[in-house]
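At position 177 of the sequence shown the residue is numbered 177 (the working numbering), and the sequence of numbers has no breaks.
Hints were generated in silico from the structure; no laboratory data involved. The structure presented is a predicted model; accordingly, all values stated were derived computationally and were not measured. Just to be clear, a hint being listed does not mean it is correct.
Said to hold, decoys possible - Simulated restraints on C-beta separations:
1) C296 with K334: 24 to 30 angstroms
2) R115 with G173: 31 to 37 angstroms
3) R194 with G167: 24 to 30 angstroms
4) R304 with E182: 44 to 50 angstroms
5) K342 with A211: 45 to 51 angstroms
6) R115 with E148: 19 to 25 angstroms
Each residue gets a CB set at the ideal place from its N, CA and C atoms; glycine is no exception.
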Amino acid sequence: MVTNGGTGALHMAVASAGVQAGEEVITSAYSYWASAASILHQNAIPVFADVDPLTTTIDPASIEERITEHTTAILPVDIHGMPADMDPIREVARKHGLLVVSDCCQAHGAAYKGRKVGSLADTSGFSLNRSKNLTGGEGGLVTTDSDEFHRRAEAMLRFQNVTDEEGAVVFSGLGFNYRPHEFINAFVVSQFSRFEALNDARKQMAGYLTAAFAELPGVSGPHTPEYAEPVYFSYLWEARPEELALDIPASKLRKGLCKALAAEGVPAGPAQANPVPGEGVFQAQFGYGRGCPWKCHDREVTYRIEDYPGTLEICASRAFLGGVYHPNGMDLMKLYVDAFSKVLEHLDRVLELAEEA
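Work out the full structure, taking the sequences as your base and the hints as a guide.
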């Protein structure tokens, strides 16, 4: 089902799963904040699980630690094009009678053990934003294999507008206008013939960078577990000061490297400043006003960022590398590697830059 945006698609997916006001949905502390916003939009309460700092995706063990009597669903995120480890997530869901709503907004075409994301959960949401691997300029998609979930999502798409047994249009509840413009549909369909080739180009460029960074002490590319076929919506690299015998925080080395790379014309910077639960909306618990949905349901939920060490590690050490996609190609990737090599040969200057405001 096509929608007008990725956040709307995620809200429709959460609603289609039957999540009710005041119920808890567990999602990733490392994500774009729309993952959690989709839960708030349903007047439900986001609960955050930590991530595996190696893969950057949600940790199934952390999910299980946060399940309460109020939990009804799990919302894993395929962050930066990396699919979450779905088998243990679904096992936790089965064990506790929970539904799985997948955020695939950054992972069009990614696969988990050979299966495409969007087919692994009870219902899923995608974004078609201008920056995505598959884009409509703006827009979103909802996928499910459940007729009931599809019916609920379709009602959410247009103001809970449904047709009764006599064919009359009735408004059955609180709905939204998540309808897309026809132009989005046409534009997205026009890209299908080259979508796989564009993803393959991302994989080729990312593979080259990761192999090259493996030969450069001080930085590394993203880790890809055996089960995953990522599509590199963003290419993340990691600052590793220990490989340079530097006794400094990774965040300091990253800061200096990003400044030095910028001087070489390389677009690079922190991928995410804070865990999502560290954002003001969760720290202040200001959702719909008067503390809702938390206080409206007599719920004491705390969002201490120190409870997410894996996420904090990623926020401190990872950075994005821009332009790892069409129409750029291998010539630019080679220039990127040359730039990394150059700045790493001038560590004294890199560390000076790290000290500057």
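The hints, checked one at a time:
no., hint, in the structure
1, C296 with K334: 24 to 30 angstroms, "violated (56 angstroms)"
2, R115 with G173: 31 to 37 angstroms, "holds (33 angstroms)"
3, R194 with G167: 24 to 30 angstroms, "violated (42 angstroms)"
4, R304 with E182: 44 to 50 angstroms, "holds (46 angstroms)"
5, K342 with A211: 45 to 51 angstroms, "violated (18 angstroms)"
6, R115 with E148: 19 to 25 angstroms, "holds (22 angstroms)"
Hint violations for this structure: numbers 1, 3 and 5, all remaining hints satisfied.
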